[in-house]
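Participant: Sequence:
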Amino acid sequence: PQMLEGISVGMFYKAMHGVGGDYYDFIPAGADQFVFCVADVSNHGVGPAIVMTLLRAQLHTIVRQGERDPRRIILALNEAQYADTPENIFITMFLGVYNKKNGVVTYVSAGHNAAYIYRYKQEALETVAAGGMPVGAVDNDLFESIIETQTVALGPGDLFFQYTDGVSEAMDAEDNQFTEARLERVLDAAGKKKPEILVKGIAQTVERFTGKRIFTEGPSELNDDIAMIAFRRLK
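Residue numbering for the sequence shown follows the numbering used here, starting at 717 and increasing by one per position.
Think of the hints as simulated: they come from the structure by calculation, not from any bench. Watch out, some of these pointers could steer you wrong.
Here are the computed lysine-lysine pairs in the PhoX-like style, where the Cα-Cα straight-line distance is at most 20 Å [what the hints assert, rightly or not]: (1) K816 <-> K951; (2) K910 <-> K837; (3) K837 <-> K928; (4) K909 <-> K951; (5) K816 <-> K910.
Computed spacing ranges between beta-carbons, pair by pair [claimed, not checked]: (6) E937 <-> L720: 17 to 23 Å; (7) D800 <-> G871: 37 to 43 Å; (8) D800 <-> K837: 44 to 50 Å; (9) N804 <-> Q893: 29 to 35 Å.
Think of the CB as a built atom: it goes at the ideal place given N, C-alpha and C, for glycine as much as any other residue.
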């Protein structure tokens, strides 16, 4: 992304097939805000990739039309996905709006895993509450009663990290998972590094743990797609 003045950004994506169903994005939303997301559609391959492509198009359209409330955005996405996708297809999603003036992230979680903040001054890792119901799983009558809007503020130097469960659930040859605990240890140890170095380092750690190649020209050898984003408020 080119519009993110005042922050530094890192991101990583790798599919287990030629195409994948994981998704991250940064979308301009006026001079002082941007919309960002990390999402993961059930299953793998071409079909889920098409579903996620449609969701991306819907999200960009909603933001271009001027919507900035993450709750209203995700309700619109859920209505469309519930109507247009099979019952066995759903999407976990973390959707946020970042205000570059004050460092506040306003977000909703639709069944996605928790995010993390590394506090630069305190040298401490925090978990960002998540939960919720996946997009497309239920109609809006139920969905809107479960989805909650929440906020968290980044101070100067603080880093925000979000990912898909292909990272924490990456398995070695004996089906041992990488786990959230290992991910948290890496984040805690490397939280002051540049975001692009941090996410690459996590991928390298996953590769060493699993013994399966990620940094290859073709698809990864992991059991799932993986996606990560990290951004730091500079001042």
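Participant: Hint by hint, where does the structure go against what was stated? Just the numbers, ascending.
Facilitator: Those not satisfied are hints 3, 6, 9.
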